[in-house]
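Please construct the entire structure, taking both the sequences and the accompanying hints into account.
Next come the chains, spelled out residue by residue.
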Amino acid sequence: MPKDHGIGASSKRREDVRFLTGAGQYTDDINVQGQTYVHFIRSDVAHGRINGINTSAAEAMPGVIRIFTGADFEGIGGLPCGWQVTDRHGEPMKEPAHPVLAQGKVRHVGDPIAAVVAESYAKARDAAEAVEVDIEELPAAIDMKAALEGNAPKVHDDLADNLCYDWAFGSDAAEVDAAFSNAAHVTTLELVNQRLVANPMEPRVAVGDFSRATDESTLYTTSQNPHVIRLLMGAFVLGIPEHKLRVVAPDVGGGFGSKIFHYAEEAFCTFAARQINRPVKWTASRSEAFLSDAQGRDHVTKIELALDADNNFTALRTETYANMGAYLSTFAPSVPTWLHGTLMAGNYKTPLIHVNVKAVFTNTVPVDAYRGAGRPEATYQLERVIDKAARERGVDPIALRRQNFVTEFPYATPVAVEYDTGDYVATMDKLEEIADIAGFEARRKESEARGKLRGLGVNCYIEACGIAPSNLVGQLGARAGLYDAATVRVNATGTISVMVGAHSHGQGHETAFPQVVAEMLGIDESMIDIVHGDSSKIPFGMGTYGSRSIAVCGSAMVRATEKIIAKAKKIAAHLMEASEADIGIKDGQFTVAGTDKSVAWGDVTLAAYVPHNYPLEEIEPGLEETAFYDPSNFTYPAGAYACEVEVDPDTGKVTVERFAAADDFGNIINPMIVDGQVHGGIGQGIGQALMENCAYDENGQLISASYMDYAMPRADDVPFYTVDHSCQTPCTHNPLGVKGCGEAGAIGSPPAVINAVVDALQSAGHNVTHIDMPASPQRVWAAMQG
Amino acid sequence: MTTVSMTVNGKPVSAEAEGRTLLVEFLRDGLHLTGTHVGCDTSQCGACVVHVNGEAVKACTMFAQEAEGAEVTTIEGMANADGSLNVIQQAFQDHHGLQCGFCTPGMVMSAAALLKENPKPSEAEIRDYLEGNICRCTGYHNIVKAILAASGQDVGAIAAE
Ligand code: FES
Ligand code: FES
Numbered sequence: 001m002p003k004d005h006g007i008g009a010s011s012k013r014r015e016d017v018r019f020l021t022g023a024g025q026y027t028d029d030i031n032v033q034g035q036t037y038v039h040f041i042r043s044d045v046a047h048g049r050i051n052g053i054n055t056s057a058a059e060a061m062p063g064v065i066r067i068f069t070g071a072d073f074e075g076i077g078g079l080p081c082g083w084q085v086t087d088r089h090g091e092p093m094k095e096p097a098h099p100v101l102a103q104g105k106v107r108h109v110g111d112p113i114a115a116v117v118a119e120s121y122a123k124a125r126d127a128a129e130a131v132e133v134d135i136e137e138l139p140a141a142i143d144m145k146a147a148l149e150g151n152a153p154k155v156h157d158d159l160a161d162n163l164c165y166d167w168a169f170g171s172d173a174a175e176v177d178a179a180f181s182n183a184a185h186v187t188t189l190e191l192v193n194q195r196l197v198a199n200p201m202e203p204r205v206a207v208g209d210f211s212r213a214t215d216e217s218t219l220y221t222t223s224q225n226p227h228v229i230r231l232l233m234g235a236f237v238l239g240i241p242e243h244k245l246r247v248v249a250p251d252v253g254g255g256f257g258s259k260i261f262h263y264a265e266e267a268f269c270t271f272a273a274r275q276i277n278r279p280v281k282w283t284a285s286r287s288e289a290f291l292s293d294a295q296g297r298d299h300v301t302k303i304e305l306a307l308d309a310d311n312n313f314t315a316l317r318t319e320t321y322a323n324m325g326a327y328l329s330t331f332a333p334s335v336p337t338w339l340h341g342t343l344m345a346g347n348y349k350t351p352l353i354h355v356n357v358k359a360v361f362t363n364t365v366p367v368d369a370y371r372g373a374g375r376p377e378a379t380y381q382l383e384r385v386i387d388k389a390a391r392e393r394g395v396d397p398i399a400l401r402r403q404n405f406v407t408e409f410p411y412a413t414p415v416a417v418e419y420d421t422g423d424y425v426a427t428m429d430k431l432e433e434i435a436d437i438a439g440f441e442a443r444r445k446e447s448e449a450r451g452k453l454r455g456l457g458v459n460c461y462i463e464a465c466g467i468a469p470s471n472l473v474g475q476l477g478a479r480a481g482l483y484d485a486a487t488v489r490v491n492a493t494g495t496i497s498v499m500v501g502a503h504s505h506g507q508g509h510e511t512a513f514p515q516v517v518a519e520m521l522g523i524d525e526s527m528i529d530i531v532h533g534d535s536s537k538i539p540f541g542m543g544t545y546g547s548r549s550i551a552v553c554g555s556a557m558v559r560a561t562e563k564i565i566a567k568a569k570k571i572a573a574h575l576m577e578a579s580e581a582d583i584g585i586k587d588g589q590f591t592v593a594g595t596d597k598s599v600a601w602g603d604v605t606l607a608a609y610v611p612h613n614y615p616l617e618e619i620e621p622g623l624e625e626t627a628f629y630d631p632s633n634f635t636y637p638a639g640a641y642a643c644e645v646e647v648d649p650d651t652g653k654v655t656v657e658r659f660a661a662a663d664d665f666g667n668i669i670n671p672m673i674v675d676g677q678v679h680g681g682i683g684q685g686i687g688q689a690l691m692e693n694c695a696y697d698e699n700g701q702l703i704s705a706s707y708m709d710y711a712m713p714r715a716d717d718v719p720f721y722t723v724d725h726s727c728q729t730p731c732t733h734n735p736l737g738v739k740g741c742g743e744a745g746a747i748g749s750p751p752a753v754i755n756a757v758v759d760a761l762q763s764a765g766h767n768v769t770h771i772d773m774p775a776s777p778q779r780v781w782a783a784m785q786g
Numbered sequence: 001m002t003t004v005s006m007t008v009n010g011k012p013v014s015a016e017a018e019g020r021t022l023l024v025e026f027l028r029d030g031l032h033l034t035g036t037h038v039g040c041d042t043s044q045c046g047a048c049v050v051h052v053n054g055e056a057v058k059a060c061t062m063f064a065q066e067a068e069g070a071e072v073t074t075i076e077g078m079a080n081a082d083g084s085l086n087v088i089q090q091a092f093q094d095h096h097g098l099q100c101g102f103c104t105p106g107m108v109m110s111a112a113a114l115l116k117e118n119p120k121p122s123e124a125e126i127r128d129y130l131e132g133n134i135c136r137c138t139g140y141h142n143i144v145k146a147i148l149a150a151s152g153q154d155v156g157a158i159a160a161e
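Protein chains in written order, with the numbering used here: chain A, 1 to 786; chain B, 1 to 161.
Source of the hints: derived by calculation from the structure; they are not laboratory data.
As the structure is a computational prediction, the values presented were derived from the model and not from experiment.
We treat Cβ as the ideally placed atom computed from N, Cα and C, and that holds for glycine.
Honestly, I wouldn't trust all of these hints.
Said to hold, decoys possible - Stretch-level coverage of chain A by chain B, calculated; a stretch enters the list once three of its residues show a Cβ under 8 Å from a Cβ in chain B:
#: 1; segment: 336 to 348
#: 2; segment: 484 to 490
To be verified - Taking beta-carbon pairs under 8 Å as the criterion, some of the chain B residues facing chain A (in silico):
#: 3; residue: 31
#: 4; residue: 33
#: 5; residue: 63
#: 6; residue: 92
#: 7; residue: 100
#: 8; residue: 138
#: 9; residue: 141
Said to hold, decoys possible - Taking beta-carbon pairs under 10 Å as the criterion, some of the chain A residues facing chain B (in silico):
#: 10; residue: 15
#: 11; residue: 121
#: 12; residue: 202
#: 13; residue: 252
#: 14; residue: 672
#: 15; residue: 687
#: 16; residue: 723
The structure is reproduced here in C-alpha cells:
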C-alpha cells in the first residue's frame with residue numbers, strides 16, 4: 001500500500017497551484033520602482049581587437065541614461081573561476097582574466113562590449129544601434145585540436161598557447177599500458193560528445209538595486225545558488241561585503257546547470273545600479289541566451305578497452321579533448337576532470353584505468369556543467385565501447401556487462417572513489433523485466449514487416465552525486481566548501497518554516513522537504529513551509545546542482561530537525577514532570593513511556609515562546625535550530641536503461657519506440673517527483689542523442705543560435721517512458737539513505753539510444769560500428785550508404 | 001503611443017502601447033499579467049500562448065494594437081469562478097505535468113484549445129498538437145498524461161507510469 005503522506009508518499013506538489021494560475025514570481029516578473037533597462041552590445045565576431053567605441057551619438061538619444069564600456073570596469077575584478085585543476089606536471093591550470101565587459105579584445109561571438117542603460121528596453125536597443133564599435137577581426141581558434149597546433153591563433157595573448165591544462169589521472173600509466181600489451185582483445189572507439197545548450201525555458205534575467213540609505217545592494221537573478229553568487233560577485237568582482245549584498249533567486253524556470261554560474265550580466269546590473277543610483281534590469285532574449293549562457297559537453301574522446309580471453313575487462317585508457325570556450329566559466333575546469341575521470345570505472349570492476357584530459361581554449365562561448373556534467377560524457381564513452389566490444393567478441397552486450405559488474409560493496413575504484421552501495425544485477429534484472437527484452441525479437445519482426453529497421457540498445461550508468469565532501473574537493477581544487485545548511489524555525493503555534501540552502505527550480509522541494517520534517521515530527525505536511533532563494537532569509541546555502549538537494553541539504557534539514565526534537569523533548573519532559581529519557585514523539589504527541597500522559601506538539605511549541613512554565617535555568621526559550629551538513633562521501637545512484645528505436649531505411653530518420661529506465665536512487669521521498677525527474681532527464685538525453693547540436697562554423701559564428709536551428713525535443717519526438725526505482729540500496733552515509741535523482745536520466749539515456757541505432761543498422765547488414773550524436777537522419781542515412 | 005482597449009479575462013482594460021508593442025508585452029508590462037511568459041524570440045516555444053477571441057495565439061506573434069477590441073484569455077483567467085483549479089489545471093497537478101512551471105501557462109492554454117476542438121484526443125494527436133510548445137523539464141510524459149486525463153480518458157491504460 002503506497003503511503004499517502006510523509007516519506008515515500010507521492011504528495012501532490014503545492015507549488016503547482018501558483019504556477020498553474022499564473023501567480024509564479026519569476027525574476028522577469030519583478031519590477032523595482034524607478035528601474036532602468038540595459039541592452040548589451042555583443043561581439044559579432046569570434047575574435048577581434050577593439051580599436052574604438054564611439055558612444056556620443058547614442059548618448060544624446062532620448063531616454064538614454066548612461067553607456068558603459070570596458071573602461072568603466074578597469075580595476076574591477078573579473079569573473080572568478082571556482083575550481084583550480086592541477087595538471088599532470090603539478091602545475092596549476094591556465095586561468096586567464098574574464099572581464100565583465102570586454103577589455104581591448106573580444107573572444108567569442110556574444111562577448112559583451114558595451115551596455116546601454118535607458119528608460120526602456122526599446123530605447124536602449126534603439127541607442128545601441130547608434131553606438132559605433134570599431135573592431136578589427138582576427139583569425140579565430142574554433143576547432144579544439146587545431147587550436148593546440150603551433151600556428152593556431154591564440155585566444156589569450158598573455159598565454160603561451162591555448163592549452164588550459166593537460167591532466168592525467170587513475171592507475172599508473174605504465175601498468176595500464178602493460179595490461180593493454182597483454183590483452184587478448186582491445187576495442188577502440190573515437191567519438192564526439194557534442195556541444196549542447198542547456199536551454200532552460202526561462203531565459204536569464206538580472207535586476208540590480210541599490211539603497212543609498214543602507215548602502216546595500218540587492219540582486220534578483222535567475223540562479224540555482226544565490227549564496228554562491230553573493231560570495232563570488234561580492235568578494236571577487238565588486239568588493240561588496242556579504243552583509244551589504246542580498247541575492248534573491250525567486251521562482252526560476254529551470255536551470256540544468258546553466259544557472260549555477262556567476263555571469264557578467266549579474267555583476268553589471270549590481271554595479272551599474274550603484275553607479276546611476278537606480279535599479280537596472282536585464283532580460284535575456286533567447287538569441288542572447290544562445291550567445292551568453294555557458295554551454296555544455298563538447299568532448300572529443302578516444303577510448304580503449306582491454307579484455308582477456310574470457311572477456312573480463314582488464315584495463316581502460318582514455319584520451320579526451322575538452323573545450324573550455326573562450327574563458328573559464330565558474331566550475332568549467334572540474335567538469336572534464338573530477339566529474340568525469342572519477343566515473344570511468346562505471347559499474348564494472350576494471351582493475352586498471354588511466355584517463356587523460358586536455359582542456360582547450362577556443363573562440364567560442366564558455367562551456368561548463370550541463371545536466372550530469374562530466375558523468376554523461378564518461379558514461380557515454382564507456383557504454384559505447386563496451387557495446388562495440390560485445391559485437392567484436394560476438395557476445396551478448398547484457399551478458400558482457402553482467403560478467404564485469406562490481407558485485408561487492410563498498411568498492412574502491414582505480415579512479416579514486418569508493419562506491420558505498422549498489423546492486424547492478426538487480427537493476428539489470430529489473431530492466432530486462434520492464435523493458436520486456438524477451439519480447440524484442442517479435443517486435444523487431446513486426447517492424448521489419450513494415451519495412452523499418454528496429455534496434456535495441458542497453459546500457460548501465462553510475463554517477464557520483466550529493467556533491468560533495470568539502471575536505472576532499474578542497475584537495476582536488478575546489479575553492480569552496482560543498483556542504484549545505486538548513487534552519488528549522490518552529491513558530492509558537494507549531495507551524496514551521498524551514499530555511500534551506502538548496503534552491504528549487506522545478507525539483508519540487510517545497511513539497512518533498514516538508515514530507516521529511518512531517519514524518520520526523522508526526523505532524524501534517526501543510527504545517528511546514530520551505531523558504532529558499534533569498535540570502536537575507538536563509539543562513540547559508542550552496543544551492544542546487546549535482547543531484548545534491550535532498551542528499552546534502554536534506555541531511556542538514558534532518559540534523560536541524562533532530563535538534564528541534566531534542567529540545568522539544570526537554571520542554572515536554574518539564575511540562576509532564578517526567579524524565580527526558582522517557583519522552584517519545586509520535587503523531588504530533590509527546591508521550592511518557594509506560595504512562596498514558598501526553599502533551600501535544602502545539603502545547604510544547606507554545607511553551608517555548610510563552611515560557612511561563614518552562615525550564616528556563618536549563619534551556620533558552622524559542623524553538624529554532626540550524627545545522628550545516630558536510631557529506632562524508634558522494635552518493636552513487638546507478639541503473640540500467642534500454643531503448644528501442646526504429647530507423648526508416650529510406651530517410652535515415654530514427655524514432656524512439658520504447659524507453660525503459662531501472663534506477664537505484666536509494667530511499668525515495670516522493671516517487672512522483674522522482675519519476676518526473678527521470679522523465680525529464682531522458683527527454684534531454686534523447687535530445688542529445690538524436691537532435692541537439694550546438695554548431696559553430698569555421699569563423700566561430702554560432703550556426704544553431706535559435707530554436708529554428710537548435711533542435712529542441714518536442715512532444716512528438718519522444719514516447720512514453722517506463723521508469724522504475726524499486727531497486728533501492730540506501731546510501732550508507734547520509735541520514736535519509738538517499739542518493740539523488742536529478743541527473744540520472746540525462747546520464748543514462750544517450751548511450752542506450754546510440755547503441756540501439758547501431759543495432760538497428762547492423763540488423764540490416766550495414767557495417768556501422770559507431771555513429772556520432774546527434775544521430776540525425778542525414779548522418780544515419782549517410783552511414784547506411786557506407 | 002496610442003491607447004489600446006480590449007477585454008482580458010472578462011474585464012475591459014485599456015493601456016498605452018506603441019505600434020511595436022507586442023501583445024505579450026502589453027499583457028505583462030501594461031497590465032501586469034505576468035503569468036504569460038516569454039521563452040524565445042522566434043515564436044517557437046509557446047510559453048506565451050493566450051486565447052484571442054477563443055483561438056490559441058502566441059502572444060509574441062501579434063501586436064497589441066491588433067488585439068484592439070478582442071476578447072483575450074490568459075492563464076490568470078483559467079481557474080474556476082470559485083478560484084479552484086479548472087479541470088485541465090487540476091489534471092496537470094494530479095499527474096505532475098509541470099516542474100519549473102515556466103512553460104506551463106502556455107501548455108495549459110494550448111491544451112484548452114486542443115480539447116475544445118478535439119475533446120478526446122489520442123496520445124499521438126496530443127503530441128502533434130503540442131508541436132509549438134517546448135518544455136525542457138518534463139520530457140512531456142506527464143504533460144501528455146495530464147491532457148489525456150483532463151479529457152476524461154483512462155490514463156492508466158495508455159501510459160505505463
Ligand atoms: S515567446 Fe516563444 S513562442 Fe512566443
Ligand atoms: S516545466 Fe519547466 S519548461 Fe516545462
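Structure-based check of all given hints:
{"no.": "1", "hint": "336 to 348", "in the structure": "violated (count 0)"}
{"no.": "2", "hint": "484 to 490", "in the structure": "violated (count 0)"}
{"no.": "3", "hint": "31", "in the structure": "12 Å, violated"}
{"no.": "4", "hint": "33", "in the structure": "7 Å, holds"}
{"no.": "5", "hint": "63", "in the structure": "13 Å, violated"}
{"no.": "6", "hint": "92", "in the structure": "6 Å, holds"}
{"no.": "7", "hint": "100", "in the structure": "3 Å, holds"}
{"no.": "8", "hint": "138", "in the structure": "5 Å, holds"}
{"no.": "9", "hint": "141", "in the structure": "4 Å, holds"}
{"no.": "10", "hint": "15", "in the structure": "7 Å, holds"}
{"no.": "11", "hint": "121", "in the structure": "9 Å, holds"}
{"no.": "12", "hint": "202", "in the structure": "4 Å, holds"}
{"no.": "13", "hint": "252", "in the structure": "7 Å, holds"}
{"no.": "14", "hint": "672", "in the structure": "5 Å, holds"}
{"no.": "15", "hint": "687", "in the structure": "9 Å, holds"}
{"no.": "16", "hint": "723", "in the structure": "5 Å, holds"}
Checked against the numbered hints given earlier, this structure breaks hints 1, 2, 3 and 5; the rest are met.
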